[in-house]
Amino acid sequence: MTLKSLLLGATATIAIASTASAERGADGHVNLIYWQAPSIMNPYLSGGTKEVEAASLVIEPLGRYNAQGEMIPYLAEEIPTVSNGGVAEDLRSITWKIKPGIVWSDGTPFTANDVKFTAEYCMHPEGGCAQLAKFEGVESVEVIDDLTVRVNFSQPTPVPYGPFMGGQAPIIQAAQFANCLGAKAQECSDANFTPIGTGPFKVDEFRPNDVISLSANPRYRDPEKPHFATLTFKGGGDATAAGRAVLETGEFDYAWNLQLAPDVIANMAAAGKGVAMSAFGTLVERIEMNMTDPSPDLPEGERATAKHPHPILSDIRVRKALSMAIDRDLLVEIGYGQAGRPTCNLVPAPEVFASDNTDCLKQDVEGAKALLEEAGWTVGAGGIREKDGKKLSLTYQTSTNAVRQDFQALIKQWWSEIGVETELRNISASVFFGSDPGSPDTFPKFYSDVEMYANNFDGSDPQSYLAGYTCEKAPRPETQWQGENINRFCDPAYDELVKELGRTAELEKRGEIAKKLNDMLTKESYTIVPLVDRGRVSARSNTLGGVELNTWDTELWNAADWYRIKP
Amino acid sequence: MLTYTIRRLVLAIPTLLFISLVIFLLLELAPGDPMAQVPLTVPPDVKEKMRLALGLGEPTHIRFVKWMWQFFVVEPMNFIDWAFGTAFSEGQQRVLSWQFRSPVMDVIAQRMPQTLWVVAMSYVVGILIALPIGIYSAYRQYSVFDQTGTFVTMVGYSVPPFFSGVLVIVIFSVQLGWLPSIYDTTLKVVDWQSFKLQLMQMVMPVMVLALQTTAQISRFMRASMLDNLNQDYVRTARAKGLSEWTVVMVHVLRNSMIPVVTVIALGVPNIFGGAIITEQIFKVNGLGQLLITAIEANDLPMVQTVTFIIAVLIVFFNIVADVLYGVLDPRIRYD
Numbered sequence: 001m002t003l004k005s006l007l008l009g010a011t012a013t014i015a016i017a018s019t020a021s022a023e024r025g026a027d028g029h030v031n032l033i034y035w036q037a038p039s040i041m042n043p044y045l046s047g048g049t050k051e052v053e054a055a056s057l058v059i060e061p062l063g064r065y066n067a068q069g070e071m072i073p074y075l076a077e078e079i080p081t082v083s084n085g086g087v088a089e090d091l092r093s094i095t096w097k098i099k100p101g102i103v104w105s106d107g108t109p110f111t112a113n114d115v116k117f118t119a120e121y122c123m124h125p126e127g128g129c130a131q132l133a134k135f136e137g138v139e140s141v142e143v144i145d146d147l148t149v150r151v152n153f154s155q156p157t158p159v160p161y162g163p164f165m166g167g168q169a170p171i172i173q174a175a176q177f178a179n180c181l182g183a184k185a186q187e188c189s190d191a192n193f194t195p196i197g198t199g200p201f202k203v204d205e206f207r208p209n210d211v212i213s214l215s216a217n218p219r220y221r222d223p224e225k226p227h228f229a230t231l232t233f234k235g236g237g238d239a240t241a242a243g244r245a246v247l248e249t250g251e252f253d254y255a256w257n258l259q260l261a262p263d264v265i266a267n268m269a270a271a272g273k274g275v276a277m278s279a280f281g282t283l284v285e286r287i288e289m290n291m292t293d294p295s296p297d298l299p300e301g302e303r304a305t306a307k308h309p310h311p312i313l314s315d316i317r318v319r320k321a322l323s324m325a326i327d328r329d330l331l332v333e334i335g336y337g338q339a340g341r342p343t344c345n346l347v348p349a350p351e352v353f354a355s356d357n358t359d360c361l362k363q364d365v366e367g368a369k370a371l372l373e374e375a376g377w378t379v380g381a382g383g384i385r386e387k388d389g390k391k392l393s394l395t396y397q398t399s400t401n402a403v404r405q406d407f408q409a410l411i412k413q414w415w416s417e418i419g420v421e422t423e424l425r426n427i428s429a430s431v432f433f434g435s436d437p438g439s440p441d442t443f444p445k446f447y448s449d450v451e452m453y454a455n456n457f458d459g460s461d462p463q464s465y466l467a468g469y470t471c472e473k474a475p476r477p478e479t480q481w482q483g484e485n486i487n488r489f490c491d492p493a494y495d496e497l498v499k500e501l502g503r504t505a506e507l508e509k510r511g512e513i514a515k516k517l518n519d520m521l522t523k524e525s526y527t528i529v530p531l532v533d534r535g536r537v538s539a540r541s542n543t544l545g546g547v548e549l550n551t552w553d554t555e556l557w558n559a560a561d562w563y564r565i566k567p
Numbered sequence: 001m002l003t004y005t006i007r008r009l010v011l012a013i014p015t016l017l018f019i020s021l022v023i024f025l026l027l028e029l030a031p032g033d034p035m036a037q038v039p040l041t042v043p044p045d046v047k048e049k050m051r052l053a054l055g056l057g058e059p060t061h062i063r064f065v066k067w068m069w070q071f072f073v074v075e076p077m078n079f080i081d082w083a084f085g086t087a088f089s090e091g092q093q094r095v096l097s098w099q100f101r102s103p104v105m106d107v108i109a110q111r112m113p114q115t116l117w118v119v120a121m122s123y124v125v126g127i128l129i130a131l132p133i134g135i136y137s138a139y140r141q142y143s144v145f146d147q148t149g150t151f152v153t154m155v156g157y158s159v160p161p162f163f164s165g166v167l168v169i170v171i172f173s174v175q176l177g178w179l180p181s182i183y184d185t186t187l188k189v190v191d192w193q194s195f196k197l198q199l200m201q202m203v204m205p206v207m208v209l210a211l212q213t214t215a216q217i218s219r220f221m222r223a224s225m226l227d228n229l230n231q232d233y234v235r236t237a238r239a240k241g242l243s244e245w246t247v248v249m250v251h252v253l254r255n256s257m258i259p260v261v262t263v264i265a266l267g268v269p270n271i272f273g274g275a276i277i278t279e280q281i282f283k284v285n286g287l288g289q290l291l292i293t294a295i296e297a298n299d300l301p302m303v304q305t306v307t308f309i310i311a312v313l314i315v316f317f318n319i320v321a322d323v324l325y326g327v328l329d330p331r332i333r334y335d
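Line by line, the protein sequences give chains E and U.
When we follow the numbering used here, the leftmost residue of the first sequence carries the number 1, and every step to the right adds one.
When we follow the numbering used here, the leftmost residue of the second sequence carries the number 1, and every step to the right adds one.
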């Protein structure tokens, strides 16, 4: 599987530059700054990106995704597939073979029991494991021998790479976490802060939401790695300060996820102390259309449910017109610069799953106006369109965030040009992305006509992501307003196709189905109006080598290979 | 005086209990979800399980009583265990943070050194600068020094730390490259070299914070000195032939300090949680940063505990200020 991944030329030149010293710890100390500070070192209890990334220095999965999105073995000897016999013909089990000779940083051997234990730990009903979705459909995990483990699924699973694959599902040590199963997981502070791992570094001191001190794991499987003897992982502050510390003052070597205006990053990079790198994954900023009526006049419990279709947005012509009025190039230029590109797809990558849908890229205000006329919306008082005495007026909500508010203002302007009145709202992210069923302001409750946010999927297969848009996944009072299908999109043909995707193992065929599903949600129905394919921008100092920005796994996936470039 | 102090302390108990209830209810009613920061790739039903694992499934009053028990009984017992090596609190559930799954008090203790080094030090530095400025400004009212002092304190009052902090970083870290812009909380002072590093990383945050303290306290000091300088007893002292130094520094200053001391005492609780912005700018990661990140993450046990501790300090230092007032000024008697 080849993937488009845009890395700056700089990274390429570094790869050719001086080769690293061939001794563990020879390159001294390295400083990382994450402006969101990690609060725990156990990704199973947090699920947050910052925790997954920090933990990935210490604990490792059996296999990872590389910067191109391809699966590569880490603790396993190879990635099991149907062709090499690792995945059973009936797609109901996957057998992992572990590399021999791997030891934990405390010197005890790493065995299949640890793998089995990790599954038990996460699948415990009272554990509150954040990565439970990775273990969906797992019936049992069997230890065949010390170095072989088999995961059995209750149903044929064409993509059996949920458990133990990628930074979200690393292996924890059975001996250390033995007393931390279930409800006890919450109380194991020591294990959660200083997990014993197989990775290149080990935790010396963990200060929650502040700083992590790490040093090279003396028992790491490659005797020459990691090149750095110690590592400081500082957290806190804001993205500007993190960017400044790497690009302008040179105090730090690596800064994660610089969500800053493009000109700010360019100004910082001009100081010449470091480089801003970018890479694209699957994160898409989109406008979601509400297919149900969120009117406050409806009784609570019926408001924004399938009982009442949306009076305006149920007409596909209106939805399409709203999409046509948007100039995505300008949005990218203003909001994201090198870290964004316009898209019409919900699934923008990997290539095999990305539809060739580009018809939304060109702004067409006249076409949008014509479409609204055709739908019966005529220009009324104040330039706002009306139909049967009803104004074409929409509420548009999103989370509080400078770029999103810029987007709202621009889109409101474009929509007013085609005669659509827009009322803007922004809601604090901690409320908007929360799922308190009592709050009227959460994104799944969707008490608004349209809303904007970004979402992506883990790993490189979009099956569960696309499966979120089936009829039954719609948030509604009966589900406590939980569910991924926040548009309340409902199409039996779509549900049928999702089922088919779940039965198909052949990659080509899966790609076709996924593209079709993507198109059904985007260009065929305009239920979801994608705006920007958002990349990741991180910065590294000029003296840090070996960095390969990875959006498919954690950014620190190859920290063992990082080295100091000698001037 | 003693009975007054005891009465105030006893009265503080119901006040604090009421405050803790109000904080709890406010947090309870506030919108927000501790799972809001978990990425959208984690499905809603998994988030629901995580919420239950945090104990959010229990009714509000049960959780409040649990917090009270943990905070007022288990945590003190745990402190005694730590101090005397006993084992009273063994097996008892402590107040756990939702972000860290670790005892809230441990993290607070961990944040103390940098909070005291930076925020408390800035308070001391601010006071040390403010007092002489205030005294001399009042003594030479409307002189060039007074005018300059007034100007500087006005600037100190009106320039917010998110501006002055970034400004000094741009000057001293980016342009000149003299001082670090990021505070290293792991630095241990063991010798002159590390002491120098500690000093260098403290200079900017301490001075930015001290500017604000200086502005406030020096204005109080000046006003209070001016009140006293025109009093009859000052004229009497001068008429007795005392030196200007004795008149100002002994007679006037002692009387002027009475209101200033109470202002200083009332400002002490601000050290613990009052420097949120400056801490964020310099990445000091003290109690202020702990509180703000806990609020962002909806880590209710942490927010509840930190705000309650601040409430305790405010109530306590109010009592201290009132008592000090009586101690310093024999004319004031509460009994």
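Some hints could be false.
As the list claims (entries may be wrong) - Here are some of the chain E residues that sit facing chain U, going by a computed Cβ distance under 10 Å:
| no. | residue |
| --- | --- |
| 1 | Asn31 |
| 2 | Lys50 |
| 3 | Cys129 |
| 4 | Asp190 |
| 5 | Lys234 |
| 6 | Asp238 |
| 7 | Thr249 |
| 8 | Pro262 |
| 9 | Ala266 |
| 10 | Val431 |
| 11 | Tyr447 |
| 12 | Gln463 |
| 13 | Tyr465 |
| 14 | Cys471 |
| 15 | Pro475 |
| 16 | Lys566 |
Hints listed in this document are in silico derivations from the structure and should not be mistaken for laboratory results.
Computed from a predicted model, the values in this text were never measured in an experiment.
Here a beta-carbon is modelled for each residue, glycine too, at the ideal position from N, C-alpha and C.
Now the hints, each set against the structure:
A hinted interface residue such as Asn31 of chain E counts as satisfied when its beta carbon comes closer than 10 Å to some beta carbon of chain U; here the least separation is about 9 Å, so the hint holds. Hint status for Lys50 of chain E relative to chain U: holds, with the closest Cβ pair at about 9 Å, below 10 Å. Given hint, Cys129 of chain E at the interface with chain U, holds; its Cβ is 7 Å from that chain's nearest Cβ, closer than 10 Å. With 10 Å as the threshold, the beta carbon of Asp190 of chain E comes within range of chain U, its nearest partner Cβ sitting at about 9 Å, so the hint holds.
Using the Cβ-Cβ criterion of 10 Å, the hint placing Lys234 of chain E at the interface with chain U is satisfied: the shortest such distance is roughly 6 Å. Checking Asp238 of chain E against chain U: minimum C-beta separation of about 7 Å stays under 10 Å; hint holds. Look at Thr249 of chain E: its Cβ gets to within about 5 Å of chain U, closer than 10 Å, so that hint holds up. A least Cβ separation of about 20 Å between Pro262 of chain E and chain U goes past the 10 Å threshold, and the interface hint is therefore violated.
A distance limit of 10 Å between C-beta atoms decides the matter here; for Ala266 of chain E the minimum to chain U is near 16 Å, and the interface restraint is violated. Because the closest C-beta pair between Val431 of chain E and chain U is about 4 Å apart, less than 10 Å, the hint holds. Annotation: interface hint on Tyr447 of chain E violated; nearest CB of chain U at approximately 13 Å, more than 10 Å. The closest approach between the C-beta of Gln463 of chain E and any C-beta of chain U is roughly 13 Å, which is over the 10 Å cut-off, so the hint fails.
This hint holds: Tyr465 of chain E has a C-beta 8 Å from the nearest C-beta of chain U, less than the 10 Å allowed. The criterion of a C-beta within 10 Å of any C-beta in chain U is not met by Cys471 of chain E, whose closest approach is roughly 16 Å, and the hint is violated. A hinted interface residue such as Pro475 of chain E counts as satisfied when its beta carbon comes closer than 10 Å to some beta carbon of chain U; here the least separation is about 8 Å, so the hint holds. The restraint placing Lys566 of chain E at the interface with chain U is violated, with a minimum CB-CB distance near 22 Å, outside the 10 Å limit.
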